[in-house]
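Letter 164 of the sequence shown, counting from 1, is numbered 164 in UniProt numbering, and no numbers are missing.
FYI, nobody ran anything at the bench for these hints, they're computed from the structure. Treat the hints with care, since some could be wrong.
[Stated by the list, open to error] Here are the simulated DSS-like pairs of lysine-lysine, each with C-alpha atoms no more than 25 Å apart in a straight line: (1) Lys85 x Lys59; (2) Lys85 x Lys8; (3) Lys85 x Lys122; (4) Lys127 x Lys59; (5) Lys8 x Lys59; (6) Lys85 x Lys128; (7) Lys85 x Lys127; (8) Lys59 x Lys130.
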Amino acid sequence: MSVCPQLKGIVTRLYSQHGYYLQMQPDGTMDGTRDESSSFSQFNLIPVGLRIVAIQGAKSGLYLGMNSEGYLYSSEHFNPECKFKESVFENYYVTYSSMLYRQTQSGRAWYIGINREGQVMKGNRVKKNKGAAHFLPKVIEVAMYKDPSLHEVGSRESPPRKTAKTSDSPSNHKGASTADAS
1 MSVCPQLKGI VTRLYSQHGY YLQMQPDGTM DGTRDESSSF SQFNLIPVGL
51 RIVAIQGAKS GLYLGMNSEG YLYSSEHFNP ECKFKESVFE NYYVTYSSML
101 YRQTQSGRAW YIGINREGQV MKGNRVKKNK GAAHFLPKVI EVAMYKDPSL
151 HEVGSRESPP RKTAKTSDSP SNHKGASTAD AS
């Protein structure tokens with residue numbers, strides 16, 4: 001009997017400081033919406049390392065990635081461009097930076113960001129201290145996921161198994177990173 005590795009992740013909405021929820025459209029394009037009930041704004045945050053997460057569209061099953069030019073894209077399969085470092089600020093806002101790419105000369109990280117018009121920005125144009133990069137994860141539930149390891153590229157992931165409901169209140173986060181929650 002083979003047991004699949006399981007990881008505890010969360011189903012969440014990522015609410016930007018500019019007032020938009022990050023969403024992944026059915027065709028995989030990314031943008032922002034003010035509609036809190038949009039099913040396309042639900043994401044699975046899956047821990048893949050210490051404070052490192054994979055971000056998967058809950059509706060589409062596609063992974064969010066950032067390419068070498070700083071553009072966000074969606075991928076059917078988990079790959080190294082789909083790893084993001086999750087950093088929590090004192091104000092409970094969270095940033096997500098590419099684990100692969102950064103500015104060549106300065107070494108500054110590239111971040112996921114939404115501008116004031118609700119458009120997704122190029123990662124190399126987003127600065128960590130600006131509102132475009134700040135997200136408040138609004139937790140919907142905790143779920144168990146199969147490990148999206150790189151040696152299984154090409155295999156389809158099974159949907160998450162739901163384990164517990166949680167509050168939508170940001171006060172439940174207490175500044176803890178989702179990757180730190182066990």
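Going through the hints against the structure:
1. Lys85 x Lys59: OK: Lys85 and Lys59 at ~23 Å, within 25 Å.
2. Lys85 x Lys8: holds, 17 Å
3. Lys85 x Lys122: Holds, at about 16 Å.
4. Lys127 x Lys59: With Cα atoms ~29 Å apart, Lys127 and Lys59 exceed 25 Å; violated.
5. Lys8 x Lys59: holds, 18 Å
6. Lys85 x Lys128: OK: Lys85 and Lys128 at ~12 Å, within 25 Å.
7. Lys85 x Lys127: Holds, at about 14 Å.
8. Lys59 x Lys130: Distance of about 29 Å is beyond 25 Å: violated.
Checked against the numbered hints above, the structure violates hints 4 and 8; every other hint is satisfied.
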